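Trainee: Chain residues, written in single-letter form:
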Amino acid sequence: MTTAPAQAGWRFRQPSVIPGFGLTLGFSLAYLTLIILIPLSGLLWRSAALGWPEFWAIATDRRTIKALEISFGTAFIAAAVNVVFGTLVAWVLVRYRFPGRRIVDAMVDLPFALPTAVAGIALTTLYAPNGWIGKLLMPLGIKVAYTPLGIVIALVFIGLPFVVRTVQPIMEEIDKEVEEAAATLGASRFQIITRILFPGLAPAIVTGFSLAFARGVGEYGSVIFIAGNLPYKSEIAPLLIVIRLEEYNYPAATAIAAIMLALSFVMLLVVNLAQTWSRKRYG
Amino acid sequence: MADPEIKSYEPHHESQSAAVTESRPARVALMTVAFTFLGIFLLLPLIIVFNEALAKGVGAYTQSLSDPDARSAIRLTLLVAAISVPLNIVFGISAAWAIAKFEFKGKAFLTTLIDLPFSVSPVISGLVYVLLFGAQGLLGGWLKAHGIVILFAVPGIVLATVFVTFPFVARELIPLMQEQGNGDEEAALSLGANGWQTFWYVTLPNVKWGLLYGVLLCNARAMGEFGAVSVVSGHIRGLTNTMPLHVEILYNEYNAVGAFAVASLLAGLALVTLVLKTLLEMRYGAEIAATRGH
Chain A
1 MTTAPAQAGW
11 RFRQPSVIPG
21 FGLTLGFSLA
31 YLTLIILIPL
41 SGLLWRSAAL
51 GWPEFWAIAT
61 DRRTIKALEI
71 SFGTAFIAAA
81 VNVVFGTLVA
91 WVLVRYRFPG
101 RRIVDAMVDL
111 PFALPTAVAG
121 IALTTLYAPN
131 GWIGKLLMPL
141 GIKVAYTPLG
151 IVIALVFIGL
161 PFVVRTVQPI
171 MEEIDKEVEE
181 AAATLGASRF
191 QIITRILFPG
201 LAPAIVTGFS
211 LAFARGVGEY
221 GSVIFIAGNL
231 PYKSEIAPLL
241 IVIRLEEYNY
251 PAATAIAAIM
261 LALSFVMLLV
271 VNLAQTWSRK
281 RYG
Chain B
1001 MADPEIKSYE
1011 PHHESQSAAV
1021 TESRPARVAL
1031 MTVAFTFLGI
1041 FLLLPLIIVF
1051 NEALAKGVGA
1061 YTQSLSDPDA
1071 RSAIRLTLLV
1081 AAISVPLNIV
1091 FGISAAWAIA
1101 KFEFKGKAFL
1111 TTLIDLPFSV
1121 SPVISGLVYV
1131 LLFGAQGLLG
1141 GWLKAHGIVI
1151 LFAVPGIVLA
1161 TVFVTFPFVA
1171 RELIPLMQEQ
1181 GNGDEEAALS
1191 LGANGWQTFW
1201 YVTLPNVKWG
1211 LLYGVLLCNA
1221 RAMGEFGAVS
1231 VVSGHIRGLT
1241 NTMPLHVEIL
1251 YNEYNAVGAF
1261 AVASLLAGLA
1271 LVTLVLKTLL
1281 EMRYGAEIAA
1291 TRGH
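Top to bottom, those sequences are chains A and B.
The letter at position 25 of the first sequence is residue 25 when you use the working numbering, and the numbering goes up by one with no holes.
The letter at position 292 of the second sequence is residue 1292 when you use the working numbering, and the numbering goes up by one with no holes.
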């Protein structure tokens, strides 16, 4: 009996005195399967049933490619904007003390709480040519509403809390003594930020970027109002799925959805690799 | 342990020495940029909702909200949330119990699967149910033969809402219950409590604030969901229009006051959610798991 681990062998679960394992795990699995897994595999099954030639024809349709380009392109730009401003907002919230900090901090979560359709019509009204902001940009020749730039604006709104809320807790954990040590050794503030603070924050920034990007790619509600939805110009992939559905073109809707899922999956994989890399390099 | 010498270093350590913060002009500049950004991107959209809703006076505002279609949209939204949120509470507690209280193979994989709906576009969340239950869907023929209506009706809207709000309660409770460990439950059991009593009198009181936190976020999303619900609802006015869908219809009909009036209720819900969430974080920060960011 002294070699207990060897004798224990493979075990599905560790023994425990707490009851209810079978009931809770069984219910959770059944619910997960019914609500999430069966419907999602239905989508994969339907797109596999299309057959390669039909799938390829839909995937290489110019309108499909354009819509995917617009979705992924605008989401990338918006996530990049959020990396810059989200990190800055997190820095201000963590490092500086000012009246109303608690309120500003709570406000950052507004895009999580505000329904996307409400955000959509609010942003459209602001950036329309006669809106509060649109009116100011008009003389400069910048059109936001009903252009791809409008999509970027909506996705910046949607993605901001993802970056702030990922970077903020890591910033709070930074040990100030390291900065002090660097300063006593003669490092300038700029050197401290780029050489000491940034490497520690890089993995969190990458995570925040990827969360904002993934959310932006799939976003629908806030974008369709401001985008103008011109095919080949400002039509996002989720909208194209809805349009194909309304045409009862189920194969096309299914194929575009499958492509989006696959691309998002590849992206997550790349991000995970990037994170492992940055953790190895900076961690 | 209360070494006076160490104590005396405290204030010095707390004060921001010039070496570990930016110069004053730099700080002012950074704060100005951050506040301007937040003002333009967060504050202005919120202000314009209420501004537009009240653009033609309070009379027009209340009239828009007493419109029968608006009323039925509000009722449907409340109904859908009242069904889907409790479903996800039961699931969240059950999944958290299984995952946090036991060690079993494939646990990490299960946790990943629970988060899956967050990485799926809302439109796709609706589409999967259309493919399953629609006329050309896998179960469409069988449902029709038995006279069961799911799509373009309340059951479809509930299902799509359950899908998009699926992870909220579970992902709040799992880390919290893991952090708390099994000690309290084991003590209760050894004192003769049965499993149900242990859960009801020991575990639930321990996680109640975290649970409330998850429910708050789950509810906000359930009432505000647009993409997934839009795909499965069929947009039948007065019947299958939730509040966000009603906002869209009114807006596309150039009824700005009507659209923003309904939108203002949703914005109000968002503000109430944020206030309660902040209060929970302030009062019970330690009792809500250290997992922010969604």
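One or more of the hints may lead you astray.
Listed next, with one range per pair, are the computed distances between beta-carbon atoms [said to hold, decoys possible]:
{"id": "1", "chain 1": "B", "residue 1": "Ser-1023", "chain 2": "A", "residue 2": "Glu-69", "range": "39 to 47 Å"}
{"id": "2", "chain 1": "B", "residue 1": "Gly-1234", "chain 2": "A", "residue 2": "Lys-233", "range": "23 to 31 Å"}
{"id": "3", "chain 1": "A", "residue 1": "Lys-233", "chain 2": "B", "residue 2": "Pro-1155", "range": "31 to 39 Å"}
{"id": "4", "chain 1": "A", "residue 1": "Glu-69", "chain 2": "B", "residue 2": "Ala-1193", "range": "36 to 44 Å"}
{"id": "5", "chain 1": "A", "residue 1": "Tyr-96", "chain 2": "B", "residue 2": "Met-1282", "range": "14 to 22 Å"}
{"id": "6", "chain 1": "B", "residue 1": "Met-1282", "chain 2": "A", "residue 2": "Gln-14", "range": "34 to 42 Å"}
{"id": "7", "chain 1": "B", "residue 1": "Thr-1111", "chain 2": "A", "residue 2": "Lys-233", "range": "20 to 28 Å"}
{"id": "8", "chain 1": "A", "residue 1": "Arg-102", "chain 2": "B", "residue 2": "Phe-1104", "range": "39 to 47 Å"}
{"id": "9", "chain 1": "A", "residue 1": "Leu-185", "chain 2": "B", "residue 2": "Met-1282", "range": "37 to 45 Å"}
{"id": "10", "chain 1": "B", "residue 1": "Ala-1145", "chain 2": "A", "residue 2": "Lys-143", "range": "46 to 54 Å"}
Within a straight-line C-alpha distance of at most 20 Å, the following computed EDC-like cross-link-like pairs (lysine to aspartate or glutamate) qualify [unchecked claim]:
{"id": "11", "chain 1": "A", "residue 1": "Lys-135", "chain 2": "B", "residue 2": "Glu-1052"}
{"id": "12", "chain 1": "A", "residue 1": "Lys-176", "chain 2": "B", "residue 2": "Glu-1022"}
{"id": "13", "chain 1": "B", "residue 1": "Lys-1208", "chain 2": "B", "residue 2": "Glu-1287"}
{"id": "14", "chain 1": "B", "residue 1": "Lys-1277", "chain 2": "A", "residue 2": "Glu-247"}
Listing some non-contacts, in silico: residues in chain B with all C-beta distances to chain A over 10 Å [what the hints assert, rightly or not]:
{"id": "15", "residue": "Ile-1040"}
{"id": "16", "residue": "Gly-1134"}
{"id": "17", "residue": "Ala-1259"}
{"id": "18", "residue": "Lys-1277"}
Source of the hints: derived by calculation from the structure; they are not laboratory data.
Just so you know, these numbers come straight off a predicted model, no measurement behind them.
Ideal placement from N, C-alpha and C gives every residue a C-beta, glycine not left out.
Trainee: With reference to the structure, classify each hint as holding or not holding.
Mentor: The hints, checked one at a time:
| no. | hint | verdict |
| --- | --- | --- |
| 1 | B/Ser-1023 with A/Glu-69: 39 to 47 Å | holds (43 Å) |
| 2 | B/Gly-1234 with A/Lys-233: 23 to 31 Å | holds (29 Å) |
| 3 | A/Lys-233 with B/Pro-1155: 31 to 39 Å | holds (37 Å) |
| 4 | A/Glu-69 with B/Ala-1193: 36 to 44 Å | violated (60 Å) |
| 5 | A/Tyr-96 with B/Met-1282: 14 to 22 Å | holds (19 Å) |
| 6 | B/Met-1282 with A/Gln-14: 34 to 42 Å | holds (37 Å) |
| 7 | B/Thr-1111 with A/Lys-233: 20 to 28 Å | violated (41 Å) |
| 8 | A/Arg-102 with B/Phe-1104: 39 to 47 Å | holds (41 Å) |
| 9 | A/Leu-185 with B/Met-1282: 37 to 45 Å | holds (39 Å) |
| 10 | B/Ala-1145 with A/Lys-143: 46 to 54 Å | holds (53 Å) |
| 11 | A/Lys-135 with B/Glu-1052 | holds (16 Å) |
| 12 | A/Lys-176 with B/Glu-1022 | holds (13 Å) |
| 13 | B/Lys-1208 with B/Glu-1287 | holds (9 Å) |
| 14 | B/Lys-1277 with A/Glu-247 | violated (42 Å) |
| 15 | Ile-1040 | violated (7 Å) |
| 16 | Gly-1134 | violated (8 Å) |
| 17 | Ala-1259 | violated (6 Å) |
| 18 | Lys-1277 | violated (7 Å) |
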